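Colleague: Just so you know, we're using the working numbering here: the sequence shown kicks off at 10 and counts up by one.
Treat the hints with caution; some may be incorrect.
Below, a list of computed lysine-lysine pairs in the PhoX-like style, where the Cα atoms sit at most 25 Å apart [to be verified]:
(1) 150 - 36
(2) 150 - 137
(3) 89 - 118
(4) 36 - 86
(5) 118 - 36
Computed beta-carbon distance windows for the label pairs [said to hold, decoys possible]:
(6) 67 - 135: 16 to 24 Å
(7) 138 - 90: 17 to 25 Å
(8) 46 - 69: 28 to 36 Å
(9) 61 - 85: 32 to 40 Å
(10) 130 - 61: 21 to 29 Å
No wet-lab data here; the hints were simulated from the structure. None of the values given here were measured: they were computed from a predicted structure. Each residue gets a CB set at the ideal place from its N, CA and C atoms; glycine is no exception.
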Amino acid sequence: NITNACEAYLRLNRVSKNDYLLVHIRKSDFLSIDKYKDLNFSDETWLNSILKLCAETSINEIVLFSDSILSNFLISKLIKHEITVIQPDKEKRNDLFLEIFINYVANAKFVMCNASSLALSFSFIFHKSVFLPSRNNYFQKVSLYNAHKSYPALLNWN
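Generate coordinates for the entire structure from the input sequences, incorporating the hints supplied.
Modeller: Below is the structure:
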């Protein structure tokens, strides 16, 4: 539960952020809702956004969460570009999911997500900004203080 997850975080003796990008891809529950079309990205867009951010920040490891089965295309292309991909939710530890997720968000150097209120909420506690994939500019950096009024991140609050 959230209390255990927060208590686990408080027990951490964190000095610096780890050198990984946390990526949370949400697809399944809102793909058919037209209102969220600007937060739905193809695997190619995700790939390009992740690769560009990793290149610009010298990150070569991502921790990847998703609510749906991800294509082999995305994973294999990341690995081909020498990006280590860790998928903690593959272990299907639903009883510990929230604790694991919060721990990874808290310790990530950067967070990239599309429409995850969960990732945005916990990122707000531990980070000053998040990155959204972008079809035009590889990625969009969004200040968490302005996310509620920055398009398309504001769709999570409306």
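Colleague: Each hint: holds or not?
Modeller: Hint check results:
1. 150 - 36: holds, 20 Å
2. 150 - 137: holds, 10 Å
3. 89 - 118: holds, 22 Å
4. 36 - 86: Satisfied, since the Cα-Cα distance of roughly 19 Å is no more than 25 Å.
5. 118 - 36: holds, 24 Å
6. 67 - 135: 16 to 24 Å: Holds, at about 21 Å.
7. 138 - 90: 17 to 25 Å: holds, 24 Å
8. 46 - 69: 28 to 36 Å: Because 32 Å falls inside the window, the suggested range holds.
9. 61 - 85: 32 to 40 Å: This hint is violated: roughly 18 Å between Cβ atoms.
10. 130 - 61: 21 to 29 Å: holds, 25 Å
Against the hints set out earlier in the document, a violation occurs for number 9 only.
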